[in-house]
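K.L.:
Quick note on the working numbering: the sequence shown kicks off at 1357 and runs consecutively.
Hints listed in this document are in silico derivations from the structure and should not be mistaken for laboratory results.
A hint or two may mislead.
Unchecked claim - For lysine-lysine, the following DSS-like pairs were computed, each having C-alpha atoms within a straight-line distance of at most 27 angstroms:
1. K1534 - K1705
2. K1677 - K1705
3. K1705 - K1798
4. K1848 - K1746
5. K1577 - K1622
Unchecked claim - Ranges of calculated distance between the beta carbons of each label pair, as one might list FRET restraints:
6. K1907 - V1564: 52 to 58 angstroms
7. K1746 - K1921: 54 to 60 angstroms
8. N1915 - T1769: 21 to 27 angstroms
9. Q1799 - G1712: 25 to 31 angstroms
10. I1494 - L1699: 43 to 49 angstroms
11. S1725 - S1813: 42 to 48 angstroms
12. I1556 - S1813: 37 to 43 angstroms
13. G1712 - P1914: 56 to 62 angstroms
14. T1769 - L1595: 42 to 48 angstroms
Backbone N, C-alpha and C fix where the C-beta goes; we use that ideal spot for every residue, glycine too.
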Amino acid sequence: MQEVTATSRHYVDRLFDPDPQNVLQGVIDMKNAVIGNNKQKANLIVLGAVPRRKSDIQVLNDMKTPEHQTVLFNHAAIQNIAPLLISPSYKVRMQALKCFSVLAYENTQVSMTLVNVLVDGEQLSQVFVRMLQRDKPIEMQLTAGKCLTYMCRAGAIRTDDNCIVLKTLPCLVRMCSKERLLEERVEGAETLAYLMEPDIELQRIASVTDHLVSMLADYFKYPSSVSAINDFKRLDHDLKHAHELRQAAFKLYASLGSNDEDIRKKITETENMMDRIVSGLSESSIKVRLAAVRCLHSLSRSVQQLRTSFHDHAVWKPLMKLLQNAPDEVLVMASSTLCNLLLEFSPSKEPILESGVIELLCSLTQSDSPALRVNGIWALMNMAFQADQKVKVEIVRALGTEQLFRLLSDPDTNVLMKTLGLLRNLLSTRPHIDQIMSSHGKQIMQAVTLILEGEHSIEVKEQTLCILANIADGNTAKELIMTNDDMLQKIKYYMGHSNVKLQLAATFCISNLIWNEEDDMSKTYLFLLALGSQERQDKLREMGFVDILHKLSQVSDPNLCDRAKTAMQQYLA
């Protein structure tokens, strides 16, 4: 026996190695060594390998980073751990199940592999489904639900698969009920929120399953008055979990209400819900504040809620306070919500403007975080839409021309697109166009030139041409284009581009250059404009624009065809 023990010692020694990769290799080697060898099995039991192996699986459960997942995957962890799911030992089954939940989390490669794994002739996903049954321990139901959730989110299982719709989702909803322990309710709600986050159908199904929306309201009732009076041990337990419960409820409400208007209405009509969200924005726990603002952001996608609940509860006030001092992850979500509150139909827009928000938003555009830069400029873009000239001037002043043009060369496409959107909104209505172009025309034209000449997407160039069309609509600003032959050649090039969107935007530029609408102008001024209009038309004709318009008036795209015909009619007018 001593001889066998000596030769096998190295198997067990590797199980105690500090390097998880060596531990995993030790488990694999030990498995191969005991196949068909009862003597070796007995020897390893004597050496204490069995309890150590359970411990090793627990170690593997802590390896949650993508790098760890890759190491486990490359060392055949899936094939070696799968048989443990049918072990006679409940503890071994649970550790194996937990290991799979760690492996599958946000990992497409692992999840796609798991779908094809067989355990004793049965698909692994079906083994997980059996573990969801009500007669199984709650811990097992929850962990199996996580495995299936992660596989679904990774794209390995369809969201409309019966194992998700009829098994996983109902199981996770059950975990949210009053009958469950507080920690189980937290885990169930967070997993359910993650499962249905991107899928509107799962959100709709969940919203009508077991009164989930009203069930979640109970998450805010801890610690309860009963526990405070009668049971200090329970009070301590409730206090520990109160933050986690509120965080989980906010997360689940955010996920539920991210798409469907009726669900959002149901959430806001749940008892004291808006008051709870407002309170959540000033909680001591960062995690609760983040979850509360995520919930608010989800609900802020509703025009109706912006006009009613958000206005009635003045949610912009605590939101603005939150924006003054918060970690970046909270700032990103809070500023995203603010973007929605600054839409033209939101009653909160005016009081937010009066609160001095412009300086705050301009500071966000200077952040190192692309997400914060996007949100800062997005909010300014929404603010500038159909705004008074006073607001537009204040935006340009606070942002500064240097920062505006720095944003126009931002490497992040989303930042660039939103900056172009801001510029387009600033350059709307003729007096505003002429005023801004009179003071910043040279820099704006330079920025437009650089973008049209650069390697940018169709969407970026289309937005830039739309800005040019707005400039062309100004009374005096249009001369900045007409006196710039290089810019006219660029418009000509894009009118002949293979992309219809770019052709249409470029044709708008020419249409606006040709024509002047007769506003409340004096007859003398109209006469001078008519002379200028004729000169422009003559120059554009000489450059070949009329011929291009004639060709475009015969294309198959109806929008482009109509725009070209309209421009031609302006020539004949």
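K.L.:
For every hint, state whether the structure bears it out.
P.N.:
Now the hints, each set against the structure:
{"no.": "1", "hint": "K1534 - K1705", "in the structure": "violated (40 angstroms)"}
{"no.": "2", "hint": "K1677 - K1705", "in the structure": "holds (16 angstroms)"}
{"no.": "3", "hint": "K1705 - K1798", "in the structure": "violated (32 angstroms)"}
{"no.": "4", "hint": "K1848 - K1746", "in the structure": "violated (35 angstroms)"}
{"no.": "5", "hint": "K1577 - K1622", "in the structure": "holds (19 angstroms)"}
{"no.": "6", "hint": "K1907 - V1564: 52 to 58 angstroms", "in the structure": "holds (56 angstroms)"}
{"no.": "7", "hint": "K1746 - K1921: 54 to 60 angstroms", "in the structure": "violated (39 angstroms)"}
{"no.": "8", "hint": "N1915 - T1769: 21 to 27 angstroms", "in the structure": "holds (25 angstroms)"}
{"no.": "9", "hint": "Q1799 - G1712: 25 to 31 angstroms", "in the structure": "holds (26 angstroms)"}
{"no.": "10", "hint": "I1494 - L1699: 43 to 49 angstroms", "in the structure": "holds (44 angstroms)"}
{"no.": "11", "hint": "S1725 - S1813: 42 to 48 angstroms", "in the structure": "violated (22 angstroms)"}
{"no.": "12", "hint": "I1556 - S1813: 37 to 43 angstroms", "in the structure": "violated (28 angstroms)"}
{"no.": "13", "hint": "G1712 - P1914: 56 to 62 angstroms", "in the structure": "violated (47 angstroms)"}
{"no.": "14", "hint": "T1769 - L1595: 42 to 48 angstroms", "in the structure": "holds (46 angstroms)"}
Consistency with the previously given hints fails for numbers 1, 3, 4, 7, 11, 12, 13, ordered from lowest to highest.
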